[in-house]
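There are 2 protein chains.
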Amino acid sequence: MSDLLDRLRDRGWRLTSQRRVVAEVLDGDHVHLTADEVHARAAERLPEISRATVYNTLGELVTLGEILEVATDGRAKRYDPNAHRPHQHLVCFACGTIRDVHPTGDPLAALPAAERFGFTITAAEVTYRGLCADCVRRSG
Amino acid sequence: MSDLLDRLRDRGWRLTSQRRVVAEVLDGDHVHLTADEVHARAAERLPEISRATVYNTLGELVTLGEILEVATDGRAKRYDPNAHRPHQHLVCFACGTIRDVHPTGDPLAALPAAERFGFTITAAEVTYRGLCADCVRRSG
DNA sequence: TTCTTGACTTAGACTGTGTCTATCTTAGGA
DNA sequence: TCCTAAGATAGACACAGTCTAAGTCAAGAA
Ligand SMILES: [Mn+2]
Ligand SMILES: [Mn+2]
Ligand SMILES: [Zn+2]
Ligand SMILES: [Zn+2]
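Heads up: the protein sequence lines correspond to chains A and B, in order. Per my numbering: the first sequence ends with 131, consecutive numbering throughout. Per my numbering: the second sequence ends with 131, consecutive numbering throughout.
Just so you know, these hints were derived from the structure itself, not from any lab. Note that beta-carbon positions come from the ideal geometry of N, C-alpha and C, so glycine has one too. No incorrect hints appear here.
Residues of chain B placed beyond 12 Å of chain A at every Cβ, according to the derived structure:
(1) Arg(-2)
(2) Leu6
(3) Ser8
(4) Asp18
(5) Asp27
(6) Glu28
(7) Glu35
(8) Leu37
(9) Arg42
(10) Ala43
(11) Thr44
(12) Asn47
(13) Leu55
Restraint-style ranges between C-beta atoms, simulated for each label pair:
(14) B:Asn47 to A:Ala85: 21 to 27 Å
(15) A:Arg42 to B:Arg0: 47 to 53 Å
(16) A:Arg0 to B:Ser130: 30 to 36 Å
All chains should be modelled from the sequences, with the hints used to inform the complete structure.
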């Protein structure tokens, strides 16, 4: 985490208290918070932080490649600090929980040239969907 | 197309002119229109159709399994009449064009049990991203 | 240490996308 | 032809996100 702050300072970032708490809130595994969730948690530590600053900071961290923007549903985007290791997502239909998963092989290999329509393809995102153990139990 | 209208009538749908034009607008291959695009095209044929009716009709067609809702970016959802054959999507970074593609194999097979976190997984959506031939040409 | 300044933060207006409600219209059966 | 519940409509509303103008402050200069 403080290595993140070091990298940012090296890139000329001014280290404000707002940016520090946003970075702290995003620390951890399987973290996929919406901008408003980040704002709520940041505001516990720094009550007057504004929504605009949270959006600005998240956007800058995405541009710098330090976090990922994930749009799994039609709702709010989620912000993912796990930008260092490529991964895909597993989402529960019922409760919306998101886990990072690491499929084997290269998903691009499954797409034959005849199905590429002349595109130069550089990425494949996979979203696995199902019910998590808790929601299976609850629903019978 | 009229087989679609037949199926809907069989399911007890009242066939209004509004529902008819929405169904007509969604006919074709590689069609992935936003709700407002559907509304604009429907309004060419039926000028006073309302946004609410377009949203209602699209939602009902999704519920009936006649069209798919696709969220490829963080923007407006797109509606896809190709609900009869499973497929994935190929999206151009630059112009946003969407093509239907059919990868080989089952994407679920690439996710080992140890990476499933106890979920009961029932679906995998893949979005391939790259530059289409036109945008590659234009950009250099 | 204090000063300076442009980078940063803020409140709130504004936009795009989608939902809801109250009222009006109409498809299709009696 | 008439009736009525299903459907259509306008516009208010909600949510996610962007933008702007004015105020604040981190960090380098002196
Ligand atoms: Mn993730
Ligand atoms: Mn499609
Ligand atoms: Zn769940
Ligand atoms: Zn393109």
